[in-house]
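Chemist: All chains, please: the whole structure from these sequences, using the hints.
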Amino acid sequence: MRRIGWFAGTFHGAFIVFMLAPLVVVALVAFTPDGYLSLPVHGPSLRWFRALLADPAFVESFWISIRLGVVAATLATAVMVPAALAIGRYRFAGREALLGFVMSPLMIPTVVLGVAFLRFLTLVRVQGTFAGLVACHAVVIGPYVARMLLVAVAGLDRRVERAAVSLGASRFTTFRRATVPMLLPGIAGGWLLAFIASFDELTVTIFIASPATTTLPVRLFSHIAQTTDPLVASVSAVIMAVTTLVLLALDRLYGVDRLFAGGGR
Amino acid sequence: MDQTLESRDRTLRRRTRFTPLWLSLPALALYGVLLAVPLAMTLVLSVNLYDQTRGVIPALSAANYASVLGDPYFQRIFLRTLRIALITTVVAALIGTPEAWILSRLAPRWRAACLLTVLGPLFISVVVRTLGWTILLGRTGLINQALLGVDLLDRPVELLFTETGIVIALVHVLVPFVVIAVWTALQRVDPASERAALSLGASGRMVFFRIVLPQIVPGVLSGSVIVFSLAASAFATPALIGGRRLKVVATTIYDEFLTTLDWPLGAAISVLLVVSVVAIVLLWNRLVERRYAAVPG
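The listed protein sequences correspond, in order, to chains A and B. Residue numbering for the first sequence follows the working numbering, beginning at 1 and increasing consecutively. Residue numbering for the second sequence follows the working numbering, beginning at 1001 and increasing consecutively.
These are calculated hints, taken from the structure and not from any lab test. No false leads were mixed into what you were given.
Looking from chain A toward chain B, a few residues come up when the C-beta cut is under 7 Å (computed):
1) Ile4
2) Ala8
3) Leu98
All residues carry an ideal CB built from backbone N, CA and C; glycine is no exception.
Modeler: Okay, here's the thing in structure tokens:
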């Protein structure tokens, strides 16, 4: 029953190669000792990682991306925890509308979001600031946090909270000592997912970043558009490493297969 | 006594009636200020006018829309974007659907690893994934080297800076969405129906085409809608693989905003992009609903 035929097996193998090929190629080229992007790679060398460390612009962008991811994911989570509790636990007029509103950034093309943010931030005179980037990223990554939190809220065991109330706990104490600890895996999972989404974001950011707030993907994009030296591969390898580390943490905490179970819509 | 209890009950209910509002207020505030307002501003911007010396001029004019819709240059860009998005969607559905089915039939230990391999790239920045394809697709790239090496080609094919190259990279970027949607649909397929077909002597391929496929078509279609809307508005992949010559709608918007600085025209193209993608997705859903309403069960 669990066996697959040779045709399906070949197809599966080709599919896996197709999915991995571009990533493996980038990771290999990052270790080239040569001055150009090509394969095969002549022996491993850290030349382009040293070049990366010696490039203050890329190093600065790396830290901007990390800071932006941390602050934006925190803001998005802080805003979405109460919203997810409202949607998940109460029946009220406009509940469906609120859910749609919270998920809506996923429906709008990211280019259009970028354009809209650029116009807005320019009119309120905060275009190019770090605060502007944080706020816009929080909106873009909000749906990812919301989705994880809604699943977590749906899985809450209400008997624990009722027990707390019946033992004389106040509403706030119940929330702090019973609700939040049960939500914690969902909160942490949502935060990590939001961090990855923010750390990788390009299309929105390219419109609203200034030279002083250029994130790593934006700097990488501009660099590739101008020249193609192996520096772009070593930057990519760093991005992949950060993403993989966060993904592994997410898997430990949450289980990646569970992440995709309800991810279809 | 009764009355005080009743009034206490009422105040309690009134207090909880507004709780969801208080709870959702931070999200509503953030999204209201940073989503609804900017989008409304973009809509307004699209009916304003632009002058090279004076910048954006407040107006209520359809001139931007007229110049986009009437200009063969923009028409070609919209048609190219539509063509790339449609081909990407069809290819992604054709290869993503069987892959999801194969994944569902693997032994659990293999399945987890393969699922991570197929879906993991979704988390890696699209710039990185596209960079991989520019290395692979180039004139001296790995694909040309391999094809030349086994004498399938006598001279290198140009894949970089072509629509084919854009489609290949976009399929790679977006096919996980088909796999996720079909995977979700497969979880609802009754394994008894497959076993029944097998016990009646059907081959594996026949089981897939006659038993499984009809049950997962809704999943295939919902995954395809996601792929289409993302392909039609993709920016990074067409920008890096298509270069400056092969413009799509998203890269045109970028150029209008950051190179030409004609923001009102760029805003009009943005509005047209949203309208056309939404229109096609709604039409698609309508067709699917009608098709499925006609089939009982």
